[in-house]
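With chain A's structure known, arrange chain B on it following the hints.
Below are the chains, spelled out letter by letter.
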Amino acid sequence: MPTFVYMNRCDGCGHCVDICPSDIMHIDTTYRRAYNIEPNFCWECYSCVKACPQNAIDDRGYADFAPLGHSVRVLREEEKGTISWKIIFRDGREKKFVSPIRTTPWGSIPSTADLKKPVTEDF
Amino acid sequence: MTSSEFCNIRLRLAHLLTMYGFVAYVSATAVMVFEYPSAADPTPAIWPLLWYIGALMVCIGGYWFWFFIRVDVAAEGHSPIRVMRADLVILSLLASTTLALLWSWLQTSGIGWFMFGLYVIATTVLFGSVPWSKFAYMFLKPAAALQKRVAEADGSRSNLPAPADKPETFGKARGLPQNY
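Residue numbers (our numbering), protein chains in the order written: chain A, 1 to 123; chain B, 1 to 180.
Next comes chain A alone, as it looks inside the complex (with noise of 0.2 Å):
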């Protein structure tokens, strides 16, 4: 169920380049927008798909065992602090839920890099 680019909608940012864990939302050298280069190594994380300011990047299972008809669509706003989702079923019904983006001040939590680093004696 990987992630696909809808390229009229990509106006090539690299937001989700910048972003995607696996190093595999990339550019098209032609076209100058965005694509899965790798779509076996995507993990759905999401994180292109809520990044893209365009909403441009969207996520379906193939169509062999997850049939067409579904959506499950993502909008993040980071001037509000939060994440709308939507999903259809394939019978119709919709679901919307909204969250917050985090529960905690930006720049609260502490950055691994500040922590002690362990010594042998502390085993």
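There's no promise every hint is true.
Chain A side only, calculated, beta carbon under 7 Å to chain B, not exhaustive [to be verified]:
1) C13
2) V17
3) A51
4) N55
5) L75
Okay, derived cross-link-like pairs now, DSBU-like style, lysine-lysine, Cα gap no bigger than 35 Å in a straight line [as the list claims (entries may be wrong)]:
6) A:K95 - B:K141
7) A:K96 - B:K141
8) B:K148 - A:K96
9) A:K117 - B:K141
10) A:K86 - A:K96
11) A:K117 - B:K148
12) A:K50 - B:K141
13) B:K148 - A:K50
14) A:K95 - B:K148
Per the computed footprint, the stretches of chain A lying under chain B, defined by three or more beta-carbons under 8 Å from a beta-carbon of chain B, are [what the hints assert, rightly or not]:
15) 3-12
16) 24-31
17) 42-48
18) 66-74
19) 88-102
Just so you know, the hints here were simulated from the structure itself, not pulled from any lab data. Since the model is a prediction, treat every value here as computed from it, not as a measurement. By construction, the Cβ of each residue, glycine as well, lies at the ideal position given by its N, Cα and C atoms.
Same frame as chain A, but now just chain B:
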């Protein structure tokens, strides 16, 4: 008139500089060539001024974009001097305006005609290569913009959820979230 497609402010500024600079540069060129073709027709000072300002705007926006902003450099981390066929338009545009400025400053020197020849070649490449570069965009961009507007107008929004409207819980659009 702004390029509302760009959420990246630097990309948007570079695009606006290049776009309006190009309009001023090409308009001034056309007016000076067709309205004041000879020394007998004195050219009002505004047209050469617009020509220089337009060419400079294109150079500033274009070089800024080329070396720092374009996605190959900013996101993919490629070298700024890496060139491929997709760069045909921006490189020929930069060559045209840079050579135009160089020719304008060197036209009374010994290499004036040489610079003019280079300038004409670069400008011909810029406009002549459109069928292999930006021609498809002339149809794709309006169609994509229309599709976006239709999706907004008919309420489908491409199955995206509606923008959140929970300021009392998750904060207001003009302020930091207060849900923690």
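Results for each hint:
1. C13: Status holds, d = 6 Å.
2. V17: This interface hint holds because 4 Å falls under the 7 Å limit.
3. A51: violated (11 Å)
4. N55: Check passed: Cβ of A:N55 comes within 6 Å of chain B, closer than 7 Å.
5. L75: holds (5 Å)
6. A:K95 - B:K141: holds (33 Å)
7. A:K96 - B:K141: holds (31 Å)
8. B:K148 - A:K96: holds (22 Å)
9. A:K117 - B:K141: Not satisfied, since the Cα-Cα distance of roughly 53 Å exceeds 35 Å.
10. A:K86 - A:K96: holds (5 Å)
11. A:K117 - B:K148: Cα-Cα ~52 Å, so violated.
12. A:K50 - B:K141: holds (23 Å)
13. B:K148 - A:K50: holds (18 Å)
14. A:K95 - B:K148: Holds: A:K95 and B:K148 sit about 23 Å apart, inside 35 Å.
15. 3-12: holds (count 4)
16. 24-31: Our answer is that it holds, as 5 residues pass the Cβ test (under 8 Å) against chain B, meeting three.
17. 42-48: It is violated, with 0 qualifying residues against the three required.
18. 66-74: It holds, with 3 qualifying residues against the three required.
19. 88-102: holds (count 6)
Hints 3, 9, 11, 17, counting from the list given before, are not met by this structure.
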